[in-house]
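Trainee: Protein chains in written order, with our numbering: chain A, 1 to 662; chain B, 1 to 349; chain C, 1 to 212.
It should be emphasised that the hints constitute simulated quantities derived from the structure, not laboratory data. Nothing here was measured: the structure is a model prediction, and the numbers come from that model. Treat the hints with caution; some may be incorrect.
Covered stretches of chain A (in silico footprint by chain B; criterion: 3 or more residues with CB under 8 Å from a CB of chain B, positions within the stretch not fixed) [unchecked claim]:
| no. | region |
| --- | --- |
| 1 | 17-31 |
| 2 | 42-52 |
| 3 | 70-76 |
| 4 | 80-92 |
| 5 | 428-439 |
Short derived list, chain C residues pointing at chain A, Cβ under 8 Å [unchecked claim]:
| no. | residue |
| --- | --- |
| 6 | D79 |
| 7 | Y98 |
| 8 | V115 |
| 9 | N118 |
Which stretches of chain B does chain A cover? Using the computed rule of at least three CB atoms under 8 Å from a CB of chain A, they are [as the list claims (entries may be wrong)]:
| no. | region |
| --- | --- |
| 10 | 80-91 |
| 11 | 117-125 |
Note that CB positions come from ideal geometry on N, CA and C, so glycine has one too.
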Amino acid sequence: MATVMAGNGAAAWGFRLSRVQCYPYYPITPSTSCSQQISRWVYDGAMGAVTINAESEHSAASQIIAAGKNVRAGTATSSKGLLYMIEVLENAAGGAIPCGLFIGNRATGAPINIWADHSDAYAMRDSGLIQIFAADGQESLDSIIQGYRIAEDLRVRMPFAVNLRGFTGTHAYEGVEIPSQEEVDRYLPPFVPLYSLFAPEKPVTYGAMLSAYPYRRHKRNQMAAIGNAAEIALKAGKDFAEKFGRSYGHFEWIGDRKAELVVALLGESAAAGEVATRHLQGKEGIPGVALLKIRLFSPFPAREIAQALNRAGTKAVIVFDEGLQHGGVLPPLAQRITAAVHLHLGGKGPKIASVIGGLGGSEVRQEHFQLMFNLAANIAEGKPYRPEPYWLDIDEDPIFVEQENQVSPKLWKKWGEIWKKQPRQEKYCAPIPPDTEEIRIYSRAGQGAITSAVGFTGAGIENGYRLVTVPAFGSERRGAIITTDTLINFHKERRIRSFMRAWDVVILYDDTILYSPEHRVLDGLKEGGALLVNTSHMSVKKIRGLLDAGEGRVRIFTAPAAAVSEGLGLKHINMPMLGALHKVYDKVPFDKALGYYERNVPRPREASLEAIRRGHAETTDQEIQRTRKERRLLVSQDFLDWRPEDHSQESWPSALEEVQIG
Amino acid sequence: MYNILFNRHIGLNPHSLLLPEPVRDVGDYGAIATTGLTSGHQGCVGCGMVSGTNQVLRALKLSGKHVVASIGTGCNEVITTQNTSCWGEVSVDHNNFPNTAATLSGNIAALKALAQAGGVSPESIVNVGIAGDGGTYDIGLQALLAWIARGENGVYVCLNNQAYMNTGVQGSGATPYGTDTTTTPFGKAIRGNQRTPQYLLDLALAAGAPYVAAACPLWHRDLMIKAQKAAAIEGPCVLEVYSVCPEGWKSDTDVFHEITELALETRSWILYEAERERDTNTVLFTLNYLAKKYLPISDYLRLQERFAGMRDFPEMVRRAQEIIEARWSFWRPVMEANGIEWKEEARAI
Amino acid sequence: MKEEQRTLVSPNRHKEFVVTGELVEIRDRAHAGETEKKGQPEDKTGKRLSPPEILTIEEVARQPVDGIDTAKALSAMADIGPEARLFVYRPEGQAVRYEVFEDPRVCPEVHRGAVIENLKEKPRDVSGWRTHDFFIDLKGCLGDECGRCAIVCPENAIHLRGKGKGSFHEIDPLACKGCFICWVECVRTAADCILVDGKTFDPGMRAKHFGE
């Protein structure tokens, strides 16, 4: 039974189930809630680790490196925090200390940017750690457990890092299977120190100063040990599949076995790539396509990847990097794949082009992968291409240019000859028909929209669908209008966690959002989609008038959520709005969802349940009697203290409590 | 902030306000069974820092506990672990330059976790962090103060030789006023180090340390009592050891005794300890050594060529004297209680 | 004016800390703590950690390892070859885990993680550093009654030989760097029994250090 949680929560479960004994932490967005969750468990006595409230990432890293000599240690960080750790991280690898890191990948700036890309993971790639890229919460949880198994293997003894893309990975709520502690204990043996500091009969010295002769020999040993990690990772992944039913390898090959066109990438953006790949597969005039989703970045499985490309008869590979190598020839992943192909396939290998995108939280969408496959097809056909990286989604420097005046003369002078020969092909780029249904909530930060969306996600998952909820995150800004998106995937066997941005339902938690000049709430709403507004005094007609939208464009519903909540003494309007959502959107059956809510609603439970029921009952698309003027609710302290990170999980505990630490 | 009380008695004391039993007094004479570093390290001839390290380790081993030293980069680490280890029965964890206290903290946490799992008795281990003044006063201060603030149980020893000696005598936060170092050279426009040093033990007390002490290896009995107290007292204790450095201080290698004595007699190094009674937030200060001769600072400047420049500038010498007098005035209540005449100015020789 | 007195809270069983104004008098406590002390025998032995062992094929062949199937382990090691190692972890005497694995090291003399086992290291010979030779005159040395030279020596070069009367200190000629610290210490506070280059009296050094 999957439990709904965010990627960070899943990572925290990874550490908890691995029985991490020492967990120092220093918070940094977007990996913060992993550490928050672990401190919560430790402070509540649910997890038996020693935590250290460190004063910096540098110290937190020093502490896992010190503690990792004797016990299983781990921490989480992101971005500049990881950069601050790098100074000591080499000591973990050099000292053969198998500690673990979870990294919520984030841009490293300047300019400061708190959103996702892989700059931080790329910056640490020469620190000697095993680097695994996870694509969602489940993979993070599983990879952390496997990470300790790989890192502590006697043939390896190296630190590891599990990477997950910030926000779209770390803050995406979805169903995560939590294995039982007993199963994990059978998979992951207890930590054994190789050279303990606390063994009086064998005193040891770590971090001695070695001169050139022993130093170079030590480094050779270190490379041999991390090299072993590739083979051990395969074994660990295979064992994991046997025990838990989820298989992991060095990389995942998604799409056709014989694929002339391949897009290679790391981590979470594969979700959008998968949708595009599935769409293009088997289309007329399109050769075999595949997505090469690389999981093990360090040690890089060069031979295996080259062989896979060779087996598939690949003619062109587009390597998609979400980070840069400033002044380098190619960004890190492209560089590694190019080297792998060159070394292992020589002249017989596919052509490789590099694309840089997804920087600083830029969306990586299905259509971007369509463009990349189009580019691959052109290259496979022998068209010339750039000997330097392409840029994704830069209007001034697009991948395809139809007319010369679209770009500056300077760029045309440089790339015009290539652009002229590189056609944009409609068969690759035609819009993908939506295969999922999607709901967007506009609310004011603090209204509890994430809590209700996460609850809806849980109910949907319990009913056998795959749901993902991704809240928009940024700096703290209570009162600002934020969005929370939920995707409903009816294919039980297919993982789709990439939004089409075509909404079936748009919900406004506050009717004043209709007046916000920044937000055009009908944008992206499907033709004939539903708009649900929390209002006690606005009529459907008035809303229609305000939006200037006809009956065929949008179905409009109103829910008197504030009145319902006030009547029940609730401070949030999210529960009635949750009930109202079921009225508007009935694909997740209300009666079945109620069963989930009965077990899981936030306290006070009775009132919350009643609010859901009333919200459902009182939602209407008919004109209603205008009862009274809008009134503001009193704001309580717990309302002000509300944090999406901790409450959304605590409020929707579902199966959490069933898993006990033995 | 804390209330200040003074021990009326001047001198060393194996008893502590915070301990039920006195620590072992090794006495001025008598062989000590424990050893410090093993021989063959790469330290300079006449290194006072190693002498101090040896005494600290000997004192910590007296209790029969296993000593785990988390050491910072610096002379101490570099000279003892060059392709080998001179630490004998002591387990050593060298991490990096800025994170001695964080490494110490990690080892303390690991010990706690092992004790929770029942693998090892925490009483059988003493965790000590050892670093130089650069790694303590400057780059390691953040980690150190946070370690003290978290109240973890361990000892931190700062071997203070008043500059970055390992890297070629650059000025640190502990460098005295007027010193000629390679980064604060005694020039024509700017004459040596212009800042007055920070005082580590003041910072440690402000951060909440239960016990701090300043010692020197010349008075080994005092140093060894202090090291044992720091190990026995629950919480983060800080010990600062005066470390004569012939290389950086540009002195002869055989004047360890003379320099240390001059430092004590001119009161530029004060042997004292302070322990904190938590319930009333009172800090009890004990002066362990009283200068017998009250020599002027100019005498201290004499043996060390790092002060060669400032010797010729009376106003600089006067300023150095003022710094000492200002600091020493703290002890006035103790002096008066012992009927010792308070001298504002050192008598000229 | 007489100031009020109070006592500081202290677990010290022997002393009490009496405060008057800002001064503290440390006095002997009336023997209150004695009985309490007898009732609490100190136990400092505690549980100690045993590190795991990593054995080569020769070591396993030479001596069977208690508590594990040595023959089976040996055969697994033989399959791997000379790089095979047997890992045995006996935290409390009992083998809780053992595993045959291939040592990842290419250069076997450098430990994993460049860790050094302190007790296996031999001290380096630094006798070349010194420009004078130092000896302790056995007749003058006070032995274990003194020991001051050994305490201040930065080189751990001075060792006590024997016990009680007739014990004496000896300078390790491989370890001494000739810094004069022990010599000054001995002249100042003890027996003046350290010979420099065989001489008890060095007028230059004595003039420098003691004004003689």
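Trainee: Each hint: holds or not?
Mentor: A quick look at each hint next to the structure:
1. 17-31: Satisfied; 3 residues make the cut.
2. 42-52: Result for this restraint: holds, n = 4.
3. 70-76: holds (count 3)
4. 80-92: That given contact holds, which follows from 3 residues of the region 80-92 of chain A lying within Cβ reach (below 8 Å) of chain B.
5. 428-439: Contact hint for the region 428-439 of chain A vs chain B: violated, 0 residues under 8 Å.
6. D79: violated (15 Å)
7. Y98: violated (11 Å)
8. V115: OK, holds: C:V115 within 8 Å of chain A, min 5 Å.
9. N118: Where the cut-off is 8 Å and the nearest Cβ of chain A is about 4 Å from C:N118, the hint holds.
10. 80-91: Satisfied; 10 residues make the cut.
11. 117-125: It holds: at least three residues are needed, and the region 117-125 of chain B offers 4 whose Cβ sits within less than 8 Å of chain A.
This entry does not satisfy hints 5, 6 and 7, going by the numbered hints stated previously.
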